[in-house]
Structure formats: structure tokens, C-alpha cells
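S.K.: Assemble chain E onto chain Z, guided by the hints.
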Amino acid sequence: MTYRAPGRQPGPPRPSWPAHVGRAADPADAPRRTQALIARTIAVLRIAQVIPWPVAVALGSQNGIQHLWLAGIVYGTQTGWSLVWATIVLARRAIPSWAMLIDVGVAASCLVLAGLACYPQDATSWANSAVAPAMGTAVAAAAAWPLIASAASGLLLALAYTSGVIRGLTLSDTAWAATVGNITSLLGFAVIAGLVSHHLMRQAAASAAAADELAAARARRASEESRDAERTRQYRMLHDTVLSTLSALARGGLDPSDPLVRQRCAADADYLRGLISSGGASVDNQLQGELAAVGRSQAALGLRVHVHCADLPPDLPEPVVRGLTDACREALNNVIKHSGGSQAWVTAVGPDPHSPGGPLATLTITDRGRGFDPARIGPGLGMRESISGRMSEIGGAAHVDSSPGQGTTVELAWPA
Amino acid sequence: MAGMITIAAIDDDRMLLAGLRAWLGPVDGIELTATAATVDEYLDAGPAPADVVLLDLNLRDGSTPAANVARLLDIGAAVLVVSTIPDAEHVLATIEAGAAGYVTKDNDLPALVSAIREVATGGTAVSPELAFVLSTDRRPERPRLSAQESLVLRVYASGATLQATARRAGVAYGTAREYLERIKRKYTDAGRPTRTKLDLVERAREDRLELDGLGPSS
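Chains as they are written, first to last, in numbering that gives the first Met the number 0: chain Z, 0 to 415; chain E, 0 to 217.
Source of the hints: derived by calculation from the structure; they are not laboratory data.
Cβ coordinates follow ideal geometry from the N, Cα and C atoms, glycine included.
Any given hint could turn out to be false.
[Unchecked claim] Now the in silico label distances, taken between C-beta atoms and shown as ranges:
| no. | chain 1 | residue 1 | chain 2 | residue 2 | range |
| --- | --- | --- | --- | --- | --- |
| 1 | Z | 210 | E | 59 | 29 to 39 Å |
| 2 | E | 146 | Z | 372 | 20 to 30 Å |
| 3 | Z | 372 | E | 105 | 29 to 39 Å |
| 4 | Z | 357 | E | 24 | 25 to 35 Å |
| 5 | Z | 212 | E | 63 | 45 to 55 Å |
Isolated chain E, as found in the complex:
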């Protein structure tokens, strides 16, 4: 990989940020350029845009995970959500909000680096833990998956390698990979109408502020 990938990390655990810096230090091609405790703090610093932002799922400043993802996407970063525990409700919300991937903090360095590289090149990072959350999604509004997609998702969620998943589902390696990406895309698409609606509300509010005193715009 020729280009250097810049990453930022937002986590309210200082010790963890320090550890991450030490961890990623020796890794070639990845540079941690900024750390912050909250999304506000990160955005206020007016950062040189990082390629990938590692975002802690549950920040203690009371912000909503999905809204955090949306704000970071607005500045053009790809968002990789990380957390200690896969809290299904919020993980699903961040994926629907457009996060590129999700990993738990117990992953080893190679797994984290490979997820970062994947996300930086515009790909998605479907970790086994994300696959597990998606495969056990029982909400009525969950995106509809084909039988093959469900099978690939379930096998991959059990911790099998993508290669083993493809064999067990009886599809080619590339197809299994494509299925996982398609599933992830379905979730992102399912979240889009909500996102657009939120955007509109936001836009309208900004418009009102600009037209302060002239009455609501229509």
C-alpha cells in the first residue's frame, strides 16, 4: 500500500488512547494524527481530516452513537466504530447511520490494522462480532436478507474464516465477501431515509437561524 493512512481516535478513556498510540506506533503505513475524548472536542480542534476515525461506541458525554457517526461522516471521514461490548442496539444504529465497520476492543493488532486498511480504501469491515449482531437482529424493521445471505452471515458470525464460510455456504470466496458487503450495504441503505430526514430537519433549522426573524421558511 503506497499511501499513508491517517487515523484519529475518539475515546473518553485516556489510558486506552495512550495504549493505542503505543500499539500503532510501529505499524507501517498507519499514522495516528489526533485523539479526542468527544466528537465535539475532535471537531472543535479543526483537525486535518483523517482518513479513518476510530469512534468509541458509547462516549460518556451523553451523545448518541448514531449522531456521532453522522457528524464525522459530514467531514468526510470513514468511521470505524469500536467498543468493549457489542451492544446490539447501538451497533445497529451506527451501522445504519453509515459507519464503515465495527470491531470490539479485544481484537489483536493485525485484526485492527486490517479493519483500518479495509475501511480506508472505501471497503467495509464486517468483523465476526458485527456479523453476530447482524445475524441475531430480531427487529421487525431489519432489512430483508436472502436465504444465501443469511447463511453466509450466520456462518461468518460463528467465527469461521471467510474461506471456510464460502465453502460451507457452497459459494466462491469472492461471492461470500460480496454477500457480506451487500448485507452491510442493506443496513446502510435502510438507515438512509432517517438520515435524510434528520439532515432536512437540520438544514431547516440552519435556514431558520439565517433568516432569523423573517418567519419560518417553507
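So that you can see chain Z by itself, here it is in the shape it has in the complex:
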């Protein structure tokens, strides 16, 4: 006959931060935010760079265009693609490598074709629609890619531009000057963009690393503090129990065969035994120390508690240790109230290596008392609230097994 306690929605507890901390800039997030900022800036730049050409054409630059249809197709293609590119980049908050690759291809082709669409002597003027967007492409490549890839794409764009305007270079010196100027701008902006964005990313990474280190140091200190607290608590408990008992006996005058003295000695011995696990490290294990202490305090109420621990994880979250300990104390209270027995066994084991994904800690509280029929009696208030309630609060589960005359076992598992 078993009864599974109804649990509220289980799930491991998450650390709850004060609301303002969640909104404040988290340094660990800095690289992602910097990358998004760079991507956003360049996307806006790209959209801005398709505006000048139609304006220039309207203001008279169309005189330099030899094949208006070709210039129109080139501009249309490049503008359409730039909008698509900017949308992708804004949506992903980063520049995907494949989009960059297509972008360089489109920009290089447009540079060649836009140059050819112009009269040879006008290919280096505003009549060439592909120059401004190509600068945006070079800037984006420098920000998105490491040095060699961005240098290669800059070089490719410079070559494409040159091959588009090459027919005009033999005609005038001004065409030469304009070509050199355009290529210098194309590469210069890219170099500056690359330096700035890589610098920003490095800063962001450094700040994230520092934040990580700080968090790790804080966690180390918290765990040291909790170990210290556990040790202090254990010393106090040892002082109040074992040491006091031994001192009183050594002073003489107490009759060691007095049942009260013997009961106290047995309780102290059970406490010491509970502090030592049969497997795994037990020094400073908070849960183990707490369980031994719970057992010792129940001994004052006349219950002998045998605590056996093995392989308990040393780093269970504080609320979980507290929840398990409280639920265990309540289960032992039930033993005193209902079982009619004078002994209880508490076992606590860590994760089972043969069933990964199972609970990290499993506790059982067992008595050999009169038991009950769970189908007839159902869970009492203590079981419902104090045990199941506490367990579901920490994301664990409680399970009771009993049968008349055969004792009762309460099993606590975390996480459920």
C-alpha cells in the first residue's frame, strides 16, 4: 500500500534575484550586447548608404550613366539585398558568416556592373551606384570577420571596383585620383570599423571574464562561510551533548547504570556515529551534520535515531538542506507520535551512479512500529503540510509506505 503525496509543481529551485538586478546590465552578457550594438549600427549604415545615388541621379548625375537600364538593375538588386541583409542582421542581433559571404559577392558584382553602366570617364563619379553600399559591405566584413578574411574581402572589393572603372583610367588623371580616393575610403573605413569593433568585443569579453571571476570568488566565499557555520554549529552541538555527558560522568557521582544516563550516552554515541558516513567524505557535509543533529534532538524525546549517510553531495543548496532536514524532523515527530516504537532509522544517500538523472539526495525515515493502512487513513496534516509541502517547496517529493504492524517508511527525494 503506497501513497504518493500530491506535490505542487516541482522543479529545482532557482536563485531569486532582486528585481532590479535582473534589469541591470549583466557583465557576463557584455559580449552578446556589444555584438548586437555593432550589428545594429552597421545595419542602419547599410540602409543609409542606398539613399545617396537616387538623390545624385535626380540632381544631374544621370548624365554620366551610359546604360540606364543596367544601372537601375544594379541599384535595385543591391538595395533589395541590403534591406534583406539589414533585416537578417537586426533579427539575429549579429552578422551571420553566410550573409556576409553573399554580401561580399553581391557588392563585388555590383561594383563591376555599376562601373560598366557608366560612361568610362564618369564611372568614378556619383553616377556609380555601387560605391557607397560597397563601403558598407567592407565595414561589415571588417567587423564580422577576423583580420585575414576581412582583408581578403576588402581586396576583392577594391579589385571589383577597379575592373568596373578601368576603361576610364586611360582617359584622365582626375579619374585616377578619384579611383585612388574611393579605394582608400573603401579600405580605410573598413580598417577603422575593424579596429573599433574588435576593440569593443575584447573589452566586452574582458568584462565578462572579470564578472565570471567575481561570481566564482563569491560562490567560493559563500561555500566557505557555510562550511564554517556548519563547523561552528557542530562544535556547539558536541559541547552541549557528548562533552557535557563525558564531563559529568568523569566528575563522578553519576550512576552509569542509571537508565537515564545510559539513554543519554546512547543518544550521544548515535549523534557521533551519524556525523561519520560509511562512504564518501563526511567532514563539513552540511546535510549530514543537520541530520545527525536532528536525530540527537529527537533522542531527548525518547527516540533512538540511527543515522546512516553515504555519498551525499557536499554542495546541496542551502534551502534544500533546510527543507530535507525539516521534513526529516517532522517524519521523526510522526514516529514519536504514532508508531509506538522507540527507534528510527534515517538513511541518506547521494545520486545512484546507475540511474543518472535520478535524485541527488534520497532520505528514508523508517520505524518498526505499528504502521497504518494508507488507503484507510490517508495522510495526516503533518504529512500533507510539514513533509509533502516542504518537499514540493524545494522541488522534491515525499512518499509514504506503511502497512498495519509493519512500521512506516517516509522517503524524501530531491529533486523529484
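M.R.: Just chain E now, with coordinates in the frame of chain Z:
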């Protein structure tokens, strides 16, 4: 039980031996015939063989628990290992060395007497604390247990009575008991090859001593 069970106790704590003598004094059918601080001291006295030897797990003379068990088995005693704390490594070693059972010293008199009677009749004494040590054995070389055996072991290790263990595992009382004995036997069997090897080394050494000067025997 008709016959008298004779027991010996080996423990380096004199106070504990005195207490044990007083404790077992009034118990019918069990007689403490010898006490010693070490296995050497016990064997040197050339004792009338006791049916059951209560052996403290960690004697302070530097002897190994498993070797102590082996030496006592050699004179035909059943060994019930006792200790203050279930030190898993050595408890497992003594069980693999052939000890009949293990109990911690915090058990009450009826529990100890029942373990002694069980062991004296050739049975095994699987206490909840021994079951706990066996059920949390994480060594790669541990004997393979069936799912049912593991379940019975785990439930019994939680302190449940054998009756409650059988019900929860969905088996008959006798079956649960048989499972516990089978698990214990698996451990003893797992320890046998090592034991045999140790015996052979010992034998060979004795042979060499007898054939002193004639070169190593093969």
C-alpha cells in the same frame, strides 16, 4: 535451542570486553569463553574452539581486518565482525574474507544475541547497517546484483523489518531472506579467488620453510 553456544570476543578495549561479559552473563544458551585484545593473543592461548568469534573491525595492533577474519576461519570459528562505526572499506573486506556477519556496537542485547545465534547455526547476520554498506557499495568490482536483490537490499538497509521489506519488494518473507543471504554469499564468493591466492602464497611460503636450503619449490 538445545546446545550451548560458546563465543569468544577479540577487542582491544578492555572496558568493552568487561561490559560484554556482564551483558551476556544472564543470557541463556550463550557462554563467553575467551576474550583477547588481538588475534595473536587469542590464537596463542590455544583456545578451545569457540563457535562464534566476535571480532572488532579495527584492532589497534596494526593487523588487517580481512587477514584477521581469514586466520579465525582457519581454526574453524564463525566470525561476527563488530565495530563502533561502519567503515565501509574494511566492512566489505571482512565480508569478502568470509566473515559470517557484521553488526555495529550500538545494537541492543536482543539484536546482538539474535545475530550470534544466527551465525552459530551456520547462517548469516545481515544487519541493516551491513545492508547499508552493501547497498552503497560503489566499487566497480562489486558483485552484480539482480534488480530484485538490489531492491530488497535497499529497503532492508533503510531499517525496515524483513517482513516490511518483503511486502515492499512484493516477495514472500522467505524469499526476501533468501535474497539477503544470496547477496551476502555473492560477496563471499567474490572474495574467494583472492583468498585462495593468499592461501597459495602462504602454503608456498610454509613449503619453502620446510624445504629450507633446497631451493624454491615449484
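S.K.: Each of the hints needs a verdict: does it hold here or not?
M.R.: Now for the hints, and whether the structure bears them out:
no. : hint                      : in the structure
1   : Z:210 / E:59: 29 to 39 Å  : violated (54 Å)
2   : E:146 / Z:372: 20 to 30 Å : holds (28 Å)
3   : Z:372 / E:105: 29 to 39 Å : holds (32 Å)
4   : Z:357 / E:24: 25 to 35 Å  : violated (49 Å)
5   : Z:212 / E:63: 45 to 55 Å  : holds (47 Å)
When each numbered hint is compared with the structure, violations occur for hints 1 and 4.
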